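Peer 1: Read off the chains here:
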Amino acid sequence: MTFLLSLAWKNLSRYRKRTVITAAALAVGLGLYLFMDAWLMGAETESERNLVWYETSSARILHEDYWDERDRLPLKYCIEDPGAVMAKLGEERIPSAPRTVFSAELVLRKDPFPEDGSLPVRVVALDPELDDGVFRLGETVEEGRRLRPGEEGILIGQWLARDLGAEVGYSLTMITRTRRGYYQTIDAEIVGILNCPNPAVNKGTAFIPLDTADRYLDMEGAVTEINLKFPERRDPDALAAEVESGLVPDFPGLRVKSWRDLAQDYLAFASMKKSATNVILLLVFVIAAVGVSNTMLMAINERTRELGMMRALGMKDSRITLAFLLEAGGIGLIGSVLGVAFGTALSYWIVTRGVDISGLIGDMDIGYRVQGIFRGAWNPGAMVTAFFFGIVLTVFIGFLSTRRALKRSITECLYR
Amino acid sequence: MIRMDNVSRNYRNGDIVVRALREVSLAVEKGEFISIAGPSGSGKTTLLNLVGCIDRPDSGEIFIDGEPVSARTKKELALLRREKLGFVFQTFNLIPVLTALENVSFVLSLLSIRENEIRERSRAVLAEVGLSGKEDVLPGRLSGGQQQRVAVARALVKAPGIVLADEPTANLDSKTGEEILKLMEKLNRDHGTTFIFSTHDPMVMDYAHRLVSLHDGTIVSDERRAA
Chain A
0 MTFLLSLAWK
10 NLSRYRKRTV
20 ITAAALAVGL
30 GLYLFMDAWL
40 MGAETESERN
50 LVWYETSSAR
60 ILHEDYWDER
70 DRLPLKYCIE
80 DPGAVMAKLG
90 EERIPSAPRT
100 VFSAELVLRK
110 DPFPEDGSLP
120 VRVVALDPEL
130 DDGVFRLGET
140 VEEGRRLRPG
150 EEGILIGQWL
160 ARDLGAEVGY
170 SLTMITRTRR
180 GYYQTIDAEI
190 VGILNCPNPA
200 VNKGTAFIPL
210 DTADRYLDME
220 GAVTEINLKF
230 PERRDPDALA
240 AEVESGLVPD
250 FPGLRVKSWR
260 DLAQDYLAFA
270 SMKKSATNVI
280 LLLVFVIAAV
290 GVSNTMLMAI
300 NERTRELGMM
310 RALGMKDSRI
320 TLAFLLEAGG
330 IGLIGSVLGV
340 AFGTALSYWI
350 VTRGVDISGL
360 IGDMDIGYRV
370 QGIFRGAWNP
380 GAMVTAFFFG
390 IVLTVFIGFL
400 STRRALKRSI
410 TECLYR
Chain B
0 MIRMDNVSRN
10 YRNGDIVVRA
20 LREVSLAVEK
30 GEFISIAGPS
40 GSGKTTLLNL
50 VGCIDRPDSG
60 EIFIDGEPVS
70 ARTKKELALL
80 RREKLGFVFQ
90 TFNLIPVLTA
100 LENVSFVLSL
110 LSIRENEIRE
120 RSRAVLAEVG
130 LSGKEDVLPG
140 RLSGGQQQRV
150 AVARALVKAP
160 GIVLADEPTA
170 NLDSKTGEEI
180 LKLMEKLNRD
190 HGTTFIFSTH
200 DPMVMDYAHR
210 LVSLHDGTIV
220 SDERRAA
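Line by line, the protein sequences are chains A and B. Quick note on numbering that gives the first Met the number 0: the first sequence kicks off at 0 and runs consecutively. Quick note on numbering that gives the first Met the number 0: the second sequence kicks off at 0 and runs consecutively.
Note that these hints are calculated values from the structure, not bench results. Since this is a predicted model, take the numbers as computed values, not measurements. Ideal Cβ placement from N, Cα and C applies to all residues, glycine included. Among the hints, erroneous ones may be present.
[To be verified] Here are the simulated DMTMM-like cross-link-like pairs (lysine to aspartate or glutamate), alpha carbons at most 20 Å apart as the crow flies:
| # | chain 1 | residue 1 | chain 2 | residue 2 |
| --- | --- | --- | --- | --- |
| 1 | B | K83 | A | E47 |
| 2 | B | K73 | A | E47 |
| 3 | B | K74 | A | D316 |
| 4 | B | K73 | A | E411 |
| 5 | A | K202 | A | E411 |
[What the hints assert, rightly or not] Non-contacting residues of chain B with respect to chain A, defined by C-beta distances greater than 10 Å in every case (computed):
| # | residue |
| --- | --- |
| 6 | G51 |
| 7 | P67 |
| 8 | A126 |
| 9 | S131 |
| 10 | S142 |
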């Protein structure tokens with residue numbers, strides 16, 4: 000074995016150019032894989048975080064009939080006594096924040112707006128004092144100020160403000176229906192403009208104080224949802240089920256949905272995007288594999304006579320295969336180390352600093368819940384996979400090439 | 000020691016069947032120094048390949064030390080070659096990344112021999128072929144004659160009963176070729192190793208103690224000469 004290892008090492012160092020070219024082909028493939036994976040991982044991690052921080056919270060308590068009609072944002076299925084539910088949650092030390100979500104038509108009039116018009120919008124009525132315990136929306140106010148309880152003020156996202164030509168201090172009119180189904184008009188002044196990292200929030204959501212909404216919509220203290228904050232790194236589905244089982248005896252008509260349930264559309268999209276990206280990653284690997292197999296095949300072909308001599312001198316085919324596999328594994332090892340280093344170097348900038356993609360995609364919705372600075376994320380699992388994959392790939396190709404060469408007779412090998 | 004009984008070997012070249020050896024019978028005793036002579040295509044290399052168990056006959060039988068070899072498996076033949084046969088090739092076939100000493104040691108590393116003994120025996124045989132001081136030199140830095148000496152040392156280091164050399168001087172100038180022949184003759188004399196070498200060079204034939212001439216795959220003469 001020592002002899003075979005020494006032979007493999009000597010061959011690797013003697014055919015340095017070939018070793019470097021093969022290892023480089025592998026390293027480029029693995030490096031690009033890790034770079035793309037870091038992008039994807041970052042997009043997914045950040046999207047999930049932005050979903051929880053700004054859109055869904057960790058989990059949400061809803062009326063049991065609300066879920067089936069959630070797309071219509073109905074006010075008829077409410078939590079009648081949110082205070083009692085939140086008191087129960089407080090006993091379990093689960094931070095919670097009530098919200099009422101409804102749809103409205105924003106009506107704009109020329110002067111101060113650039114032109115007359117209307118726009119459908121999703122309005123979230125939140126409790127300015129409790130909401131920060133679950134969401135991080137308050138931190139994203141870029142212009143103006145946060146909402147105050149009881150005021151007829153409104154916060155809108157930057158993208159929506161740009162679409163409307165709105166500025167802080169402008170007044171908006173919202174036309175909606177009360178809980179009983181009567182038309183209602185709410186006039187509110189824009190008190191702040193958000194620049195939320197979650198584009199879904201920035202694009203089409205307006206925020207007003209919960210008590211103001213309660214007054215205008217005849218909610219009588221009821222809310223459509225109570226949002227919960229779970230500790231990070233805990234399984235949200237398991238915790239949601241736990242909370243639900245704790246609530247149901249006292250509040251039988253309530254259900255708890257985790258953020259995974261609430262973001263089904265996003266998760267389906269992410270999974271689809273991941274599949275498409277995996278195809279691209281596969282192509283990167285195939286290109287690397289073709290490059291590696293080409294040089295390895297040539298290398299073993301060039302040494303067919305040497306292989307014939309070894310067989311003539313009585314070396315077993317299995318030992319010859321092992322000798323070539325050690326060499327192939329050596330190339331794989333070098334390529335994998337370089338590949339992981341290359342991938343790490345490529346990803347370093349996007350992970351530590353991120354790349355501002357706003358200039359590139361502007362207000363375009365790319366599906367992920369990210370905007371502005373796009374950050375990558377380290378994925379140690381992918382690094383380990385890439386490292387071993389590189390070695391396994393070269394050993395496999397080495398095995399195929401050696402087996403092919405060994406299929407020739409000894410005389411064919413010797414007199415080629 | 001070696002016996003070939005009516006051995007034939009055909010090759011297919013497209014639709015044409017080339018009859019490389021036709022019912023050849025030959026007996027070689029221990030310690031002989033034999034040249035297989037003949038023009039190109041006469042079957043010299045085929046005969047050596049068959050005796051060296053790196054090829055199989057289509058018909059007939061080959062006996063080595065009284066044992067038939069045709070029924071042996073690939074593994075058994077590899078073992079036979081490893082233990083009993085030494086090879087010297089026309090193109091030397093040294094491993095370019097290994098030094099002269101390592102090329103010789105390589106053969107012993109295939110046998111169950113201790114590392115110290117491998118080095119001692121390899122150094123001794125290199126000294127015997129006149130390559131003392133060249134142990135750590137790579138083949139690429141040796142002359143053709145020196146490379147062939149390494150190849151001869153590699154063939155002899157395991158003290159095989161038979162050394163087969165396919166045109167061992169074909170890639171060497173006449174002076175170097177003669178040196179290699181003298182070396183082989185000396186080793187034959189000193190160790191009693193059987194040497195069978197092929198050639199079409201009359202100078203090489205002159206060194207043989209027995210000259211077997213082939214033509215179109217048939218032995219046309221078999222003459223013994225005074226050593």
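Peer 1: Against this structure, judge whether each hint is valid.
Peer 2: Comparing the hints with the structure gives:
{"no.": "1", "hint": "B:K83 <-> A:E47", "result": "violated (71 Å)"}
{"no.": "2", "hint": "B:K73 <-> A:E47", "result": "violated (61 Å)"}
{"no.": "3", "hint": "B:K74 <-> A:D316", "result": "holds (9 Å)"}
{"no.": "4", "hint": "B:K73 <-> A:E411", "result": "holds (16 Å)"}
{"no.": "5", "hint": "A:K202 <-> A:E411", "result": "violated (71 Å)"}
{"no.": "6", "hint": "G51", "result": "violated (7 Å)"}
{"no.": "7", "hint": "P67", "result": "holds (19 Å)"}
{"no.": "8", "hint": "A126", "result": "holds (21 Å)"}
{"no.": "9", "hint": "S131", "result": "holds (23 Å)"}
{"no.": "10", "hint": "S142", "result": "holds (20 Å)"}
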